[in-house]
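*Asks:* These protein sequences, in sequence, are chains S and D. With the first letter of the first sequence counted as 1, position 129 gets the number 129 in this note's numbering; the numbers rise by one all the way through. Position in the second sequence (first residue = 1) + 1000 = this note's numbering.
If you are wondering where the hints come from, they were derived from the structure by calculation, not from laboratory data. There could be a bad hint or two in this list.
To be verified - Restricting the straight-line Cα-Cα distance to at most 27 Å, the calculated cross-link-like pairs of lysine-lysine (BS3-like) are:
1. S:7 - D:1061
2. D:1005 - D:1253
3. D:1232 - D:1179
4. D:1297 - S:199
5. S:62 - D:1199
6. S:7 - D:1070
7. D:1027 - D:1062
8. D:1062 - S:7
9. S:70 - D:1007
10. D:1253 - S:146
11. D:1179 - D:1253
12. S:62 - D:1007
13. S:199 - D:1179
14. D:1232 - S:179
15. S:146 - D:1199
16. D:1005 - S:75
17. S:179 - D:1005
18. D:1199 - S:61
19. D:1007 - S:75
20. S:5 - D:1075
21. D:1146 - D:1232
22. D:1251 - D:1005
23. S:7 - D:1179
24. S:5 - D:1179
25. D:1007 - D:1271
26. S:199 - D:1062
27. S:7 - D:1297
28. S:61 - D:1007
29. S:253 - S:5
To be verified - Label pairs and their calculated CB-CB ranges:
30. S:229 - D:1253: 51 to 57 Å
31. S:74 - D:1302: 42 to 48 Å
32. S:70 - D:1323: 29 to 35 Å
33. S:202 - D:1202: 36 to 42 Å
34. S:48 - D:1258: 43 to 49 Å
Note that this is a predicted model, so its numbers are computed, not measured. Glycine residues also receive a C-beta, built at the ideal position from the N, C-alpha and C atoms.
Protein chains: 2
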Amino acid sequence: MGQMKGKASIEFEHPPVIISAGSVVGKKEGEGPLGSLFDEIELDDMFGMDNWEQAESTMQKKTADLVIEKGGIRKGDLRYLFAGDLLGQLIATSFGTVDLEIPLFGLYGACSTMGEALGLGAMAVNAGYADQVMSMASSHFATAEKQFRFPLAYGNQRPPSATWTVTGCGAVVLAGNRKDGMARIAGITTGRMVDMGAKDSMNMGAAMAPAAFHTIEQNLEDFQVNETWYDKIITGDLGEVGRTILLEFMKNKGRDLSQLHMDCGMEIYDKEQQDTHAGGSGCGCSAVTLCSYILPKVQDGTWKRVLFVPTGALLSSVSFNEGQSIPGIAHAVVIEHIDS
Amino acid sequence: MGQMKGKASIEFEHPPVIISAGSVVGKKEGEGPLGSLFDEIELDDMFGMDNWEQAESTMQKKTADLVIEKGGIRKGDLRYLFAGDLLGQLIATSFGTVDLEIPLFGLYGACSTMGEALGLGAMAVNAGYADQVMSMASSHFATAEKQFRFPLAYGNQRPPSATWTVTGCGAVVLAGNRKDGMARIAGITTGRMVDMGAKDSMNMGAAMAPAAFHTIEQNLEDFQVNETWYDKIITGDLGEVGRTILLEFMKNKGRDLSQLHMDCGMEIYDKEQQDTHAGGSGCGCSAVTLCSYILPKVQDGTWKRVLFVPTGALLSSVSFNEGQSIPGIAHAVVIEHIDS
């Protein structure tokens, strides 16, 4: 079908349309600069459950229900669910989606999962494998800290390079053969593992920036465009440290991204007021920023075309404690305004 | 394109062909009934590395290289890699595939991962998103026991319902627009999470059997066939306990699967000689049995059409210790003989 572009990209013949999007976040995210844009702010970080993991599952379930309701969609019309989270064995997703009764492709791309979920979802819809699918990703500050770093009660210090895992879940419904919707997915560029030897679990931005750089460059090369083809190039959660590295790498390639680039992790919190150091992180960070902030701006035409690049660091407490590095991965999604 | 079948299935218009397959296993698997069929048996369970996780990564890398070599494939022609393992944050895959430099879709479906990887790989090839992709899954006895149950050194007892995690990695290369190859993928049925409340981490067969039943029934319904359309219906790692439950469920539906059904977990070890109780398990179990035993039998026409149904139990030590149940999932792949 001639949809392969270059080495790692696809240009969709029938760009799938995002017909509904929703976000559910925690209290801290609700207090941040994007607070008024989220659909639901849950003040109880336990979401009424007995433990953090069940809280994250409940957040996924709430988000899925919300997106279905907002879009006026019948649950039975969602043919596939592409979803993931940060936890071992995807327990937030496993337990969060069981009641949906939708065939599930479980994904793990660390914080790049929303990019992977959008990519595979769009591939399925464009190919005619489904009329409607849902793509979803979540993270929770407490489940992530417990799993990856220190128990919260330990109260360890955080260096300035550390990011703050977003408590949030974002989901969209993609549909085929439609012209009405929030935005369309024109293409994707799938990233590969990039290991530059980063070893600091308190500096994920440095671990992910090379992967973001690689995927963005691959996208520009595959689509034979330059960076100004996009109104915004939006990474997931590089934070301040990662952004600096990305801009430096890009500068060495002769590209000035200082105005074009935005990072979801730097938008979601107020660094000065919220003590979040380098920014927000987690799969939920890019997912909720997409659903609450980016998609409406594409829908109203403020941005005609953006490159959405969720970034993941393959941190694991097991490999980390064994002295391994932290490889990164980033998946890019070309999101376009729909001319009415 | 009219490829959607029923509620959860796809019938491929241009069935992708499996052009290469390979398996690398550990010593115990090499001593089992399928021993002579595996491509490589590694006698050192550490695969020459310093820890179990690196051993599993090395096993993935060896398998990928082997499949590329066996198929006379150029690494650069593999457009996407669909891969996963059982470990938190997919560390076996993350570190095992970084040198391949192939765009990666990281998957988590517990022991059903090979079904998920084959399904998404076939979807990509059939749609023209790639000429060639690799689908791969692995597990390692020592990394799995360490993560899910008890430290090996603890030497805990195992009830008869327990399975033994296979040390093994299986991978295939799928290609489009080809008639020569080992077998073709005619269709898939994607499973959903099924939670029947099983809570015994030493009885994964019982946790997975309902999911296997659900996916097989869905497949028969979606394709409007009965069970005898297949020469074999092959589950991943139900083991003896799970098989008994599946056959009972099927009997209640009026289907006799006693002769048609085979379980990879029951084929891979000699129960009497190898002290493996209910059978083998792990993503590697169905993956290596597929590559070494099933595909050759489909290729030579012994079996004209099989339904390959890797089964996964979403066990996690975190959710398990929090008293949660163990939901299951199963993904089915219709694999057919190619008439020459």
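*Asks:* Does each hint hold? Answer for all of them.
*Replies:* These are the hints, each one checked on the structure:
With a C-alpha separation of about 22 Å, the suggested pair residue 7 (chain S) and residue 1061 (chain D) falls inside the 27 Å cut-off, and the hint holds. For the hint pairing residue 1005 (chain D) with residue 1253 (chain D), the CA-to-CA distance comes to about 21 Å; that is within 27 Å, so the pair holds. Distance hint between residue 1232 (chain D) and residue 1179 (chain D) is fulfilled; the C-alpha atoms sit about 23 Å from each other, no more than 27 Å. Taking the CA atoms of residue 1297 (chain D) and residue 199 (chain S), the gap is near 46 Å; set against the 27 Å cutoff, the hint is violated.
For the suggested pair residue 62 (chain S) and residue 1199 (chain D), the alpha carbons sit about 25 Å apart, so the restraint of at most 27 Å is met. Of the supplied pair hints, the one linking residue 7 (chain S) and residue 1070 (chain D) holds, its CA atoms being roughly 23 Å apart against a limit of 27 Å. Restraint check: the Cα-Cα separation between residue 1027 (chain D) and residue 1062 (chain D) comes to about 15 Å, which is no more than 27 Å; the hinted pair holds. With a CA separation close to 24 Å, the supplied pair residue 1062 (chain D) and residue 7 (chain S) stays within the 27 Å bound.
Using a Cα cut-off of 27 Å, the hinted pair residue 70 (chain S) and residue 1007 (chain D) holds, with the two alpha carbons roughly 23 Å apart. Restraint check for residue 1253 (chain D) and residue 146 (chain S): the C-alpha separation of about 45 Å exceeds 27 Å, so the hint is violated. The straight-line distance between the Cα atoms of residue 1179 (chain D) and residue 1253 (chain D) is roughly 37 Å, outside the 27 Å bound, and the hint therefore fails. A C-alpha spacing of about 24 Å is found between residue 62 (chain S) and residue 1007 (chain D), which places the hinted pair at or below 27 Å, so the restraint holds.
The straight-line distance between the Cα atoms of residue 199 (chain S) and residue 1179 (chain D) is roughly 47 Å, outside the 27 Å bound, and the hint therefore fails. For the suggested pair residue 1232 (chain D) and residue 179 (chain S), the alpha carbons sit about 44 Å apart, so the restraint of at most 27 Å is broken. Between residue 146 (chain S) and residue 1199 (chain D) the CA atoms are separated by roughly 23 Å; this keeps the pair inside 27 Å, and the hint holds. Pair hint residue 1005 (chain D) plus residue 75 (chain S) holds up; C-alpha atoms about 18 Å apart against a cutoff of 27 Å.
A threshold of 27 Å between alpha carbons decides the hint, and for residue 179 (chain S) with residue 1005 (chain D) the separation of about 25 Å falls inside it, so the pair holds. Straight-line distance between C-alpha atoms of residue 1199 (chain D) and residue 61 (chain S) comes to about 22 Å, which keeps the hinted pair within the 27 Å bound. A hinted pair counts as satisfied when its Cα atoms are at most 27 Å apart, and residue 1007 (chain D) with residue 75 (chain S) qualifies at roughly 12 Å. A hinted pair counts as satisfied when its Cα atoms are at most 27 Å apart, and residue 5 (chain S) with residue 1075 (chain D) qualifies at roughly 18 Å.
Straight-line distance between C-alpha atoms of residue 1146 (chain D) and residue 1232 (chain D) comes to about 34 Å, which puts the hinted pair past the 27 Å bound. A threshold of 27 Å between alpha carbons decides the hint, and for residue 1251 (chain D) with residue 1005 (chain D) the separation of about 25 Å falls inside it, so the pair holds. Proposed proximity of residue 7 (chain S) and residue 1179 (chain D) is supported: the alpha carbons are some 25 Å apart, at most 27 Å. Note on residue 5 (chain S) and residue 1179 (chain D): the hinted pairing holds, with a Cα-Cα distance of about 25 Å set against a maximum of 27 Å.
Using a Cα cut-off of 27 Å, the hinted pair residue 1007 (chain D) and residue 1271 (chain D) is violated, with the two alpha carbons roughly 38 Å apart. Taking the CA atoms of residue 199 (chain S) and residue 1062 (chain D), the gap is near 25 Å; set against the 27 Å cutoff, the hint holds. Using a Cα cut-off of 27 Å, the hinted pair residue 7 (chain S) and residue 1297 (chain D) is violated, with the two alpha carbons roughly 35 Å apart. For the hint linking residue 61 (chain S) to residue 1007 (chain D), the alpha-carbon distance of about 22 Å falls within 27 Å, and the restraint holds.
Of the supplied pair hints, the one linking residue 253 (chain S) and residue 5 (chain S) holds, its CA atoms being roughly 21 Å apart against a limit of 27 Å. Here the CB-CB span from residue 229 (chain S) to residue 1253 (chain D) is close to 55 Å, well matched to the stated 51 to 57 Å. For the pair residue 74 (chain S) and residue 1302 (chain D), the supplied restraint of 42 to 48 Å holds, since their beta-carbon distance comes to about 44 Å. For residue 70 (chain S) and residue 1323 (chain D), the hinted distance range of 29 to 35 Å is satisfied, since their beta carbons lie about 34 Å from each other.
As the Cβ distance of residue 202 (chain S) to residue 1202 (chain D) is approximately 38 Å, the hint placing it in 36 to 42 Å holds. For the pair residue 48 (chain S) and residue 1258 (chain D), the supplied restraint of 43 to 49 Å holds, since their beta-carbon distance comes to about 47 Å.
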